[in-house]
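Use these hints to put chain B onto chain A, whose structure you have.
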Amino acid sequence: MTGAAGNTDTPAILCRGLRHAFGDHLAVAGIDLTIGRGEVFGLLGPNGAGKTTTIRVLNTLLRPQAGVVRVLGYDVARSPMAVRRRLGYVPQQLSIETSLTGRENVSWFARLFDVPKRERKQRVAEALEVMGLGDAADRMAGVYSGGMIRRLELAQALVNRPQLLLLDEPTIGLDPVARDSVWMRVEELREATGMTVLLTTHYMEEAEALCDRLALMHLGTLRAEGSPEELKKGLGPTATLEDVFRHFTGEQLEGSTEASEGTEGKGGLRGIRTTRRTATRMG
Amino acid sequence: MGSALLDEQQPAWAEAITDEDRTWTELPVRVATFCLVELQKIRHDRTEILTRAVQPVLWLLIFGETFNKLHAIPTGHVPYLDFLAPGIIAQSGLFVAIFYGIQIIWERDAGVLTKLLATPTPRSALVLGKSFAAGIRAFTQVCVVLVLSAILGVALTSNPLGIIGSFAAVMLGAGFFSCLSMTVAGIVLKRDRLLGIGQMITMPLFFASNALYPVRVMPGWLQALAKVNPLSYEVDALRGMLIGTPTHLLTDFGVMVLALVIGVTVSSSLIMRLAR
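Protein chains in written order, with my numbering: chain A, 1 to 283; chain B, 1001 to 1276.
Think of the hints as simulated: they come from the structure by calculation, not from any bench.
Quantities reported herein were computed from a predicted structural model and do not represent experimental measurements.
Don't be surprised by glycine CBs; every beta carbon is placed ideally from N, CA and C.
You may find that some hints are simply not true.
[Stated by the list, open to error] For the chain A half of the interface with chain B, some residues (derived, Cβ under 8 Å), not all of them:
1) L61
2) R85
3) Y89
4) Q93
5) I96
6) S99
7) L100
8) E104
9) L112
10) D138
11) M140
12) W183
With the rest of the complex left out, here is chain A (with noise of 0.2 Å):
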């Protein structure tokens, strides 16, 4: 009985040729990923690169057209209710029912997650006092600014005391401060809780002051995986991850012939993957 669903001995995200297309875009080409349990994963890449794609497999609201994807060890396309039990999700959009206040919000999706009633007012308004809304809790969430909404969401995804947080475009559209403390909310909460979180980002920033792995996606596939650390020796002593991102994505902005030489050296970096892969499985 090894690796039984749930057990921690699984990774938390494990992809293997995921591939999803809408009619005939390819949003997401085959990609391999494995984000090991307490991770903080960034999914960095342009607009259009599949992340957002990526995390609705992940999550269950699109089904794998090919390959195998397990949440904490669960198969997303056989027991999607067990994998949603244990999911936190924040959309890229900011979302939020304005006509009932935060705590009924978060209360609501207390309920939706089946969370016991007699721990339901505590947790709810526990969620909503390390998002540092306490005092606003009841207020109507209409009048939430941007900060106070993503934050209200991130309560919303708590109060399940999910293993693994999906956050797609965290802090898209929110103001410097807004935006530190989202990164604070999460930086204390992964201390806390040692959960593993997987993030979608384009900003550079974040990337670096949140995750301990990135991927960068781009056009469907994964281009490079690595610390940010990793990532920015393997182009040079000076690199930025700014570099690394326009390095690994950059060039299909500029030209065509330099689009297909991109796509060249992904079969390369997938070559090398499948290879390494067929070892493993031989081992």
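Quick look at chain B alone, frame taken from chain A:
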């Protein structure tokens, strides 16, 4: 290690785990949650109770009183106002429900729907929860119409079972019509279009029913429409329970439950279109 994680065949324990997906208490618990949230929303916006009450009040006070005096519609020994009151109750439920799909489009546009769909809530439970929430919203109007009818001298039942039964009928009716609305929402995906279609179908649904006049005075083709219109069965049930006309409760509730089941099935199969 890698191979253990990637076995093509999922081992036996994995099958056992999926049982977790099939808890039978889930449906009623989720439905109750959506109803509760609806009540909270109503509590925060009490003006809506008043604005929504205007229309049924006008129907009863103006249309009802006038036709009551004209004796133009043959309703047997039942005064016309008594005949009309259950029809207006059903109609106010219909009006709330037929535009309820707008809420789900709004939730989609606001990103809330995506989050709801990522919670351990089966699609059917989400749809049924939403449709009963529409029923909850209709209740406030039902109360207004009941009170006004009593004031206007409609001989309403004093049997508490009759009142409870009427609320159940309103719930089922509003549930079905909000499923119809959510189905249209799942097809057109746009608020404006849903509004247009809602306006296009409400009045025909209302007129092609026994809400304003008995089926037997209708021309044949309209009778045929009224017979397949779930609103007719809702009105019939309400009339039977509230003002004591002959009842066909088994048929009425049977048709309403069947309609709701079909409605939930169809709209929950379309709801993922809204999640994209």
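Going through the hints against the structure:
no. : hint : result
1   : L61  : 6 Å, holds
2   : R85  : 5 Å, holds
3   : Y89  : 5 Å, holds
4   : Q93  : 4 Å, holds
5   : I96  : 7 Å, holds
6   : S99  : 5 Å, holds
7   : L100 : 6 Å, holds
8   : E104 : 5 Å, holds
9   : L112 : 4 Å, holds
10  : D138 : 11 Å, violated
11  : M140 : 7 Å, holds
12  : W183 : 21 Å, violated
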